[in-house]
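Enquirer: Protein chains in written order, with our numbering: chain A, 1328 to 1646; chain B, 1328 to 1646.
Treat the hints loosely; a few may be bogus.
If chains are identical, the list can't say which one is meant, so a pair holds when it fits in one copy or spans any two.
[Unchecked claim] Here are the simulated EDC-like pairs of lysine to aspartate or glutamate, each with C-alpha atoms no more than 16 Å apart in a straight line:
hint, residue 1, residue 2
1, K1532, D1388
2, K1623, E1362
3, K1532, D1350
4, K1532, D1337
Because the hints were derived from the structure by calculation, they are not lab data.
Number of protein chains: 2
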Amino acid sequence: MAVYTEVSDDALVTFLADYDIGDLVAFRGIAEGVENSNFSLKTTRGDFILTLYEKRVDPADLPWFLGLMEHLASHGITCPRPVAGRDGKALRRISGRHAAITTFLPGVWPRRVRPEHCGPVGAALASFHLAGAGYAPRRRNALGPEGWAPLLERSLPGAEGVHPGLGADLQAALDRILAAWPHGLPVGHIHADLFPDNVFFLDRKLSGLIDFYFAATDILAYDLAICLNAWCFEPDLSLNVTRARAMCRAYAAIRPLSAAERAALPVLCQGAAIRFALTRLYDWINTPAGALVTRKDPMEYVRRLRFHLAARNEHAYGL
Amino acid sequence: MAVYTEVSDDALVTFLADYDIGDLVAFRGIAEGVENSNFSLKTTRGDFILTLYEKRVDPADLPWFLGLMEHLASHGITCPRPVAGRDGKALRRISGRHAAITTFLPGVWPRRVRPEHCGPVGAALASFHLAGAGYAPRRRNALGPEGWAPLLERSLPGAEGVHPGLGADLQAALDRILAAWPHGLPVGHIHADLFPDNVFFLDRKLSGLIDFYFAATDILAYDLAICLNAWCFEPDLSLNVTRARAMCRAYAAIRPLSAAERAALPVLCQGAAIRFALTRLYDWINTPAGALVTRKDPMEYVRRLRFHLAARNEHAYGL
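Bound-form chain A, shown alone (with noise of 0.2 Å):
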């Protein structure tokens, strides 16, 4: 479910009188994202995506979002670019949330990933690396590693009712984790979040890239191992090397991975990996009874856990 804030119709017109993008045509939600209210709009100029943006988001965190879309779209990277309106702003608001319309991205997500989406993404990543370089604004990442500790923290007296022993496995996993993080290795702008569901594409070629409301700065082999994590595990959550090789070397011929960035491969994967679990095991013991949101199964992350703890080196990724 997407829609958590409904658009009177009446404010709509309004809203749209400040851009010059055509007249409303149709307004329909979508049902796609968790994060924000998302809706698709068509106009007599064609079609376009209106975002509000919820609670979860930062305020102070949406110019970088949308300057960092604006920047990607400008170096060949295919992304929603923001649409300003008529006094060159594209961050606006409407019914009572800050808003902004983005272009809308032709494609369909792959509801079920096959190896040769792999290949696909890995090049996507890679370019989207290169491209963001030249955006100097920075981003902390709050769900980096030093974000880890305080989510566990929260979620420890619940993590005993979702699994026996599962409080104390993260609590060592986490510890090794951070002992092992790497430091020195190249950083940069990282989507952090590019699941399936975040992109397209069309006639079997990747048509774009969307949902950049997790980004930020940090280890670019990070945002490699979140893709590893998102896209390479079977539904019996072990790893396919097929797709991780296709994936990683993929991710390679565009931006070369250096031997200090293939060797922490390992530990990256354990710490994306621990990061959603994270995430979703706080969720999954916050999360209301008739919240309108699908509580997603950490333990689907801890079990990627469990495979990347046990991986010797990067050859566990058919590197």
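Using the hints, position chain B against chain A.
Expert: Showing chain B alone in chain A's frame:
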């Protein structure tokens, strides 16, 4: 939320190969509608809606619904038109569900009802009733008067927990309504669910009607009574007589109301109010915690019911 069944990209491509509607451009779940899964589908030929019929819809009724939409669209009613596959059939299967593609309707449903919406809704409803006359097959209204007593019976055990005395109040009201239910009024095909989210407006004109999956053959003026309930009450649940008068007059200008229909308006409105009170009460009691559907408060219709029970005659509605 209105995506209960996911459609894999493979299944979608295979499904679309059976149509002559161009190539896939985009596919997004729509966060509207509560009974079925709806997707906005864009191809190189234009925009369409893909509906997957979920468990509340009886598959045996689907040909009737699609036939009605086709008939109405051919007779001047702006509504989604079923799109046939290459074999001439509109009703097909995808992802384990019966499914149909329909044409896309421009417009926006009014999130906030204004008096000027109500006349056009009355006129569109009357046009629908006239246009439906040439569609021969009939469909029994499972949520008509015969369905109310069984619905109440199944909700009685939980009614007291919703509001003290609610079960006894509804039982008394239902007895009174069924005893007074009119016979011999004109019958035809009714929409039976013409709420604001099923009516699109564009440039302040009504641009179309959607969601015919409660349509049935029943008393025509009962459909007007449903619309009076759905469109003409203030947020404080008092009737707005200006809206009701505008709706009834616009209706009668296209399909004149007989003296018997006018006289029956209070009991028809009571019936419409108890119908929605009962289905909402049933869902309220039986919706599991954590379900994706927002439960709607049955008391909103109990309060409307009280208004209608106190209405002495059709003058209460501005007639």
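Enquirer: Of the hints stated earlier, which fail here?
Expert: 1
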